[in-house]
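There are 2 protein chains.
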Amino acid sequence: MTEMSSIYTEFELIKEIRKKLSYSPYVIKGIGDDCAVVKNQGKYTLLTIDNMVENIHFDMTIQKNIKNIGFKAVSRAISDIAAMGGIPKYILVSLAISTNFNKTSFKAISSGIKHACKYYNTELVGGDITKSKATAITVAVIGVCDAKPVFRTGALVSDNIYVSGDLGLASAGLALLKAKKDVPKKLLNAYEKPIAQIALGNLLRKKAIVTSMIDISDGLLGDLKHILEESNKGALLDITSLPTLKLLKTLFKKEEYINFVLNGGDDYQLLFTTREKHHNDILKISRELKIPITKIGKIVKAGFYIKENNKTIKVATESYQHKFTFDS
Amino acid sequence: MTEMSSIYTEFELIKEIRKKLSYSPYVIKGIGDDCAVVKNQGKYTLLTIDNMVENIHFDMTIQKNIKNIGFKAVSRAISDIAAMGGIPKYILVSLAISTNFNKTSFKAISSGIKHACKYYNTELVGGDITKSKATAITVAVIGVCDAKPVFRTGALVSDNIYVSGDLGLASAGLALLKAKKDVPKKLLNAYEKPIAQIALGNLLRKKAIVTSMIDISDGLLGDLKHILEESNKGALLDITSLPTLKLLKTLFKKEEYINFVLNGGDDYQLLFTTREKHHNDILKISRELKIPITKIGKIVKAGFYIKENNKTIKVATESYQHKFTFDS
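Residue numbers (the numbering used here), protein chains in the order written: chain A, 218 to 545; chain B, 218 to 545.
If we strip away everything but chain A, and leave its shape as in the complex, we get (with noise of 0.2 Å):
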């Protein structure tokens, strides 16, 4: 009776999920992109769910500031909004409380959740409150769009692929809390206090120069494979080009401060690709918002390649994963 054990990727599970779902005409953009898109009346609406749950996405025995875990559940629900060059309005928080929760932390969480709030200029409108095994924060955002989103599907070949900020620097600020050591103030940042790209994802957008953007949540080679696998499309990254801090090349070995960069994960930066004659707007864009941008590479028609020192290597992506233990 008992089916043999299996693992699932969340993505397995997203697909059993959107197996026979089929919208009206009013939703242009169902499951599968950063948020759901719905127009009507040629205004467009941006809808999107985030869940941060206790020990798989934060933890109280390493975390700084308690505060800060109400701050990132909001940042990386509203980061789906600015990967759609969106604005953020409204949000709506459900509270699942363990009960090994004081209730110094509750007012901690509700307080950052508050600043986050204040921060994106955003209305925490509604909420509800349940007691459950394990602590989680589920942020459900309403945003906007005064002209039509930016999805993942649109990339073409030769496009130039672009990223905003330094790479690997929350996975490297959780690597050393992990094990106990001192954090640099900007990696603790980057882990517990992610700030969403919402000014630069806008401004993109109305330049309306992009061609696709995501956010980079899941690590660069994971989300830049959404980007590639929605647009149907390749990708040469220059393996050198890539953003990071010098200080997690004094602080890790290099194939650890690589591994951050590529596949680190939480880094709320926007990847998103243009035509090679918007260069010097993205330029000018970067400078105005004093956001660096770094170009990293192409998309190319199939597969995926990575050029260091000259050699180019084509390889398999990989990222991380929610895997999912099914016992039976």
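No distinction is drawn between identical chains; accordingly, a pair holds when it is met within one copy or between any pair of copies.
The calculated SDA-like cross-link candidates involving lysine to any residue, where the alpha carbons are at most 25 Å apart (straight line), are:
id: 1; residue 1: 236; residue 2: 446
id: 2; residue 1: 348; residue 2: 443
id: 3; residue 1: 236; residue 2: 316
id: 4; residue 1: 348; residue 2: 272
id: 5; residue 1: 424; residue 2: 304
id: 6; residue 1: 395; residue 2: 470
What the hints contain is simulated information worked out from the structure, not anything from laboratory work.
Knowing the structure of chain A, use the given hints to seat chain B on it.
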């Protein structure tokens, strides 16, 4: 350094979150009603989120049909839209999955969610899946209302109090399931597959005769208390008028079934108030939709009174509430 062990109710925690929250003029109802309400260019958007957690809201060891866990998670959230008189349009689902969960259960719950979406003519536009120590289904609903929704705040002195359907069925069904006894189908369905009263809520709002409304998820007394608190009024409840099934009287002792009817929760019926002059309109709506609607009492200036066999006594309201025990 550590604080005393303390117990919080859900309402006290919500109070903590509501502290220092202020809203833009677009948000005509924030935290504190069944849904948040955003008004923009004459249009009303309803927003709500609800979490259903394993071993708090459902129990895999006694559940007869796993698919219904998915259906109920959607019904619970959509019932909040019914309580405002709105129509659900889009839902987002966040699934936290425990490792003791099996593939068949995942498929069943996913299918129950999609079945509910079809039933309520609502589109599942986005989701999120994560691992967790406790399985949980969080549903956010985006609904609409073509005129001002019905709040909890408008009950007037001398208003009649009405309730739809029969009370206590879900909690009676749960009690039988827990006791491993046979469960009559009506009670099993009331517990495992409740139906949100969308058509009734919407028609009541359209007729513009309802002064306040709420759905009964916390039990009749608990939810009536919400209306009384938000409307700053009291009530006289005619206990002999409370609608339930004869079945409950044959299966349970008097104090048991009265407790189910008053405090059972999980009924998802609508509790509402109107002026006496609209009594015939209410009866007409009841006939039209083939949904029993019963007058169960009157709104008074203050206090809470129960009338039974011509005796009226003043009582303290009590209802099921999640209690949160903080260790330190």
